[in-house]
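Undergrad: Protein sequences appear in the order of chains A and B. Residue 50 is where the first sequence starts when you use the numbering used here, and the numbers rise one by one after that. Residue 19 is where the second sequence starts when you use the numbering used here, and the numbers rise one by one after that.
Source of the hints: derived by calculation from the structure; they are not laboratory data. Possibly wrong hints are sitting among the right ones.
Stated by the list, open to error - Just some of the chain A residues that point at chain B, by a computed CB distance under 10 Å:
# : residue
1 : Q77
2 : T79
3 : D81
4 : N222
5 : V277
Stated by the list, open to error - Simulated restraints on C-beta separations:
# : chain 1 : residue 1 : chain 2 : residue 2 : range
6 : B       : A51       : A       : R177      : 32 to 38 Å
7 : B       : E140      : A       : Q212      : 26 to 32 Å
8 : B       : A65       : A       : V318      : 41 to 47 Å
Unchecked claim - With a straight-line Cα cutoff of 20 Å, these simulated DMTMM-like cross-link-like pairs (lysine to aspartate or glutamate) come out:
#  : chain 1 : residue 1 : chain 2 : residue 2
9  : B       : K56       : B       : E78
10 : A       : K197      : B       : D214
11 : B       : K129      : A       : E267
12 : A       : K195      : B       : E223
13 : A       : K195      : B       : D177
14 : A       : K195      : B       : E139
15 : B       : K129      : A       : D265
16 : A       : K195      : B       : D211
17 : A       : K195      : B       : D64
For every residue, glycine included, the Cβ atom is placed at its ideal position computed from N, Cα and C.
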Amino acid sequence: MTEEPLPAWSLPTDAVERIALPEAWPGQVTRDWAWGGAAGAGVRVCILDSGVERDHPIVGKVQESVAISIDGDDVIVDADDTAGDLCGHGTACAGIVRALAPECELASVRVLGAGFTGSGAVLLEGLRWAVEQGYDVINMSLSTTKQKFASLLHQLADTAYFQRTMLVASAHNMPVESYPWRFSSVISVGSHEQADPFAYYYNPTPPVEFFARGVDVEVAWMGGGRLVCTGNSFATPHIAGIAALMLSKHRELTPFQVKSLLYLTASNVGGES
Amino acid sequence: MSDELRSAVAAGVLGAEKDYRELLQSIVEVARAIFHAKASSIFLLDAEADELVFEAVAGEGSESLVGRRFPSSTGIAGFVLVSRQPLVIEDVLEDPRFSRQTAESTGFVPKGLMAVPLLHEENALGVLEVLDRPSDARFTLAEMDVLGLFASQAAIALDLLQRARRAQATLADTGDLAVVARLAQKLEERREDSGDAFALLAAIERLLQ
Numbered sequence: 050m051t052e053e054p055l056p057a058w059s060l061p062t063d064a065v066e067r068i069a070l071p072e073a074w075p076g077q078v079t080r081d082w083a084w085g086g087a088a089g090a091g092v093r094v095c096i097l098d099s100g101v102e103r104d105h106p107i108v109g110k111v112q113e114s115v116a117i118s119i120d121g122d123d124v125i126v127d128a129d130d131t132a133g134d135l136c137g138h139g140t141a142c143a144g145i146v147r148a149l150a151p152e153c154e155l156a157s158v159r160v161l162g163a164g165f166t167g168s169g170a171v172l173l174e175g176l177r178w179a180v181e182q183g184y185d186v187i188n189m190s191l192s193t194t195k196q197k198f199a200s201l202l203h204q205l206a207d208t209a210y211f212q213r214t215m216l217v218a219s220a221h222n223m224p225v226e227s228y229p230w231r232f233s234s235v236i237s238v239g240s241h242e243q244a245d246p247f248a249y250y251y252n253p254t255p256p257v258e259f260f261a262r263g264v265d266v267e268v269a270w271m272g273g274g275r276l277v278c279t280g281n282s283f284a285t286p287h288i289a290g291i292a293a294l295m296l297s298k299h300r301e302l303t304p305f306q307v308k309s310l311l312y313l314t315a316s317n318v319g320g321e322s
Numbered sequence: 019m020s021d022e023l024r025s026a027v028a029a030g031v032l033g034a035e036k037d038y039r040e041l042l043q044s045i046v047e048v049a050r051a052i053f054h055a056k057a058s059s060i061f062l063l064d065a066e067a068d069e070l071v072f073e074a075v076a077g078e079g080s081e082s083l084v085g086r087r088f089p090s091s092t093g094i095a096g097f098v099l100v101s102r103q104p105l106v107i108e109d110v111l112e113d114p115r116f117s118r119q120t121a122e123s124t125g126f127v128p129k130g131l132m133a134v135p136l137l138h139e140e141n142a143l144g145v146l147e148v149l150d151r152p153s154d155a156r157f158t159l160a161e162m163d164v165l166g167l168f169a170s171q172a173a174i175a176l177d178l179l180q181r182a183r184r185a186q187a188t189l190a191d192t193g194d195l196a197v198v199a200r201l202a203q204k205l206e207e208r209r210e211d212s213g214d215a216f217a218l219l220a221a222i223e224r225l226l227q
């Protein structure tokens with residue numbers, strides 16, 4: 050007999066067993082427990098950015114390349130985007146995720162490249178599309194300052210959170226209001242200056258919640274090349290990659306649990322780095 | 019007071035475009051000096067044309083670049099504008115985002131650059147770039163913070179410049195409100211010896227009440 054779904058708003062005593070977690074966390078969570086032996090297999094990571102170059106030696110296979118654009122009131126989804134990367138940024142982010150989680154599936158959703166005008170709306174529609182696809186992790190090294198998109202982005206971020214899609218977004222390192230990184234349902238990432246890709250810190254004074262490697266990072270670039278870059282844009286995929294590792298080892302994790310696990314294994318909390 | 023009337027009065031007393039241009043120039047000069055860089059520039063977004071325009075340039079290329087335009091999605095400046103994320107690149111000649119065509123047309127091809135979006139309230143107004151820092155200097159987050167401070171200042175200056183331009187357009191207008199704008203401007207210019215004019219305006223105000 051199929052059990053009736055639990056109502057979302059209450060928990061009767063006789064139903065406690067029904068929400069038992071698949072596995073108990075140890076008293077002290079370690080990085081080895083969190084992702085030891087995992088390489089990202091089975092986890093779908095979306096790079097919402099400028100596109101990702103196909104067959105880049107650092108990035109490897111990109112399972113899916115989609116481009117989002119807007120024509121009047123219509124949202125156009127090109128499910129087979131052959132433009133590659135229009136400026137290199139998405140390839141850089143994809144390469145960082147690939148280095149950390151070599152066996153993950155990568156998908157590119159391109160929302161940049163068509164000029165400045167309308168770029169906020171394309172960003173919003175790109176995120177909507179990515180959330181609908183149910184990726185496990187969405188890397189978003191970009192943001193919008195437009196207030197009119199804040200509410201819709203907030204709804205999308207919450208939808209992602211509740212359907213187990215982890216949204217990892219770059220924080221602004223300037224005193225401006227921008228979105229979606231400020232929402233508590235996403236993981237926001239700033240930069241530290243160390244060279245260790247597995248060094249990451251929990252920030253007890255949000256809105257930025259984690260700091261990861263973001264200074265002088267050698268990244269993949271267009272034309273099969275590499276570059277040395279600095280910016281929160283490059284810190285974000287480090288956390289996305291580590292989240293992919295955690296999810297490949299513990300498939301049941303919710304975004305809340307991924308965030309908790311990142312906290313418990315952060316270099317300034319219980320991590321070994 | 020209606021927005022139009024408020025703008026008309028403000029138009030008369032706002033600083034001239036020249037003042038804000040000097041402020042922008044001062045910002046790029048100081049940014050260049052602080053970072054020991056070869057050049058620094060500020061680009062303004064022309065939203066209607068979807069183009070970026072050189073508004074101020076310090077160092078190499080400064081004589082000829084101001085006023086030059088390129089598409090808003092071109093090069094690193096365009097990318098920074100759209101993504102709203104500051105970016106530092108160590109070897110820019112390897113970077114396809116850096117529009118080599120644009121760089122060569124300016125007569126100056128940099129080796130490395132820092133680019134930061136100029137954000138004022140919710141608007142992206144343009145981009146500040148600092149080109150060719152000393153190559154032996156490792157980039158630090160402290161420098162990124164300084165760059166952000168310059169960007170905040172430059173964004174305010176760009177906002178004022180745009181307001182001044184709109185104000186000038188109002189002054190040049192032939193509508194009824196332009197009279198108010200020009201009147202406010204003249205009173206501002208001759209505040210010392212406008213006693214009679216103020217008395218007359220006070221009388222008109224009483225009459226309108």
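Undergrad: Hint by hint, note whether the structure agrees.
TA: So, going through the hints one by one against the coordinates:
1. The restraint placing Q77 of chain A at the interface with chain B is violated, with a minimum CB-CB distance near 31 Å, outside the 10 Å limit.
2. A cut of 10 Å between beta carbons decides the hint on T79 of chain A: the least distance to chain B is about 29 Å, and the hint is violated.
3. The beta carbon of D81 of chain A comes no nearer than 30 Å to any beta carbon in chain B, farther than 10 Å, and the hint placing it at the interface is violated.
4. At its closest, the beta carbon of N222 of chain A sits 6 Å from a beta carbon of chain B; the interface hint therefore holds under the 10 Å criterion.
5. For V277 of chain A, the interface hint holds, since its Cβ comes within 10 Å of a Cβ in chain B; the closest pair sits about 4 Å apart.
6. Look at A51 of chain B against R177 of chain A: about 46 Å separates their beta carbons, and that is not inside 32 to 38 Å.
7. Checked against the hint of 26 to 32 Å, the C-beta distance between E140 of chain B and Q212 of chain A comes to roughly 29 Å, which is consistent with it.
8. Taken as a hint, the range 41 to 47 Å holds for the pair A65 of chain B and V318 of chain A, whose Cβ atoms sit roughly 45 Å apart.
9. Proposed proximity of K56 of chain B and E78 of chain B is supported: the alpha carbons are some 7 Å apart, at most 20 Å.
10. Distance check on the hinted pair: K197 of chain A and D214 of chain B sit about 49 Å apart at the alpha-carbon level, beyond 20 Å; violated.
11. Annotation: proposed proximity of K129 of chain B to E267 of chain A holds, straight-line Cα distance about 16 Å (limit 20 Å).
12. Proposed proximity of K195 of chain A and E223 of chain B is contradicted: the alpha carbons are some 41 Å apart, above 20 Å.
13. Between K195 of chain A and D177 of chain B the alpha-carbon distance is near 16 Å, which keeps this suggested pair within the 20 Å criterion.
14. Between K195 of chain A and E139 of chain B the CA atoms are separated by roughly 9 Å; this keeps the pair inside 20 Å, and the hint holds.
15. A hinted pair counts as satisfied when its Cα atoms are at most 20 Å apart, and K129 of chain B with D265 of chain A qualifies at roughly 15 Å.
16. With a CA separation close to 46 Å, the supplied pair K195 of chain A and D211 of chain B exceeds the 20 Å bound.
17. Of the supplied pair hints, the one linking K195 of chain A and D64 of chain B holds, its CA atoms being roughly 17 Å apart against a limit of 20 Å.
Comparing the model with each numbered hint stated earlier shows that hints 1, 2, 3, 6, 10, 12, 16 do not hold.
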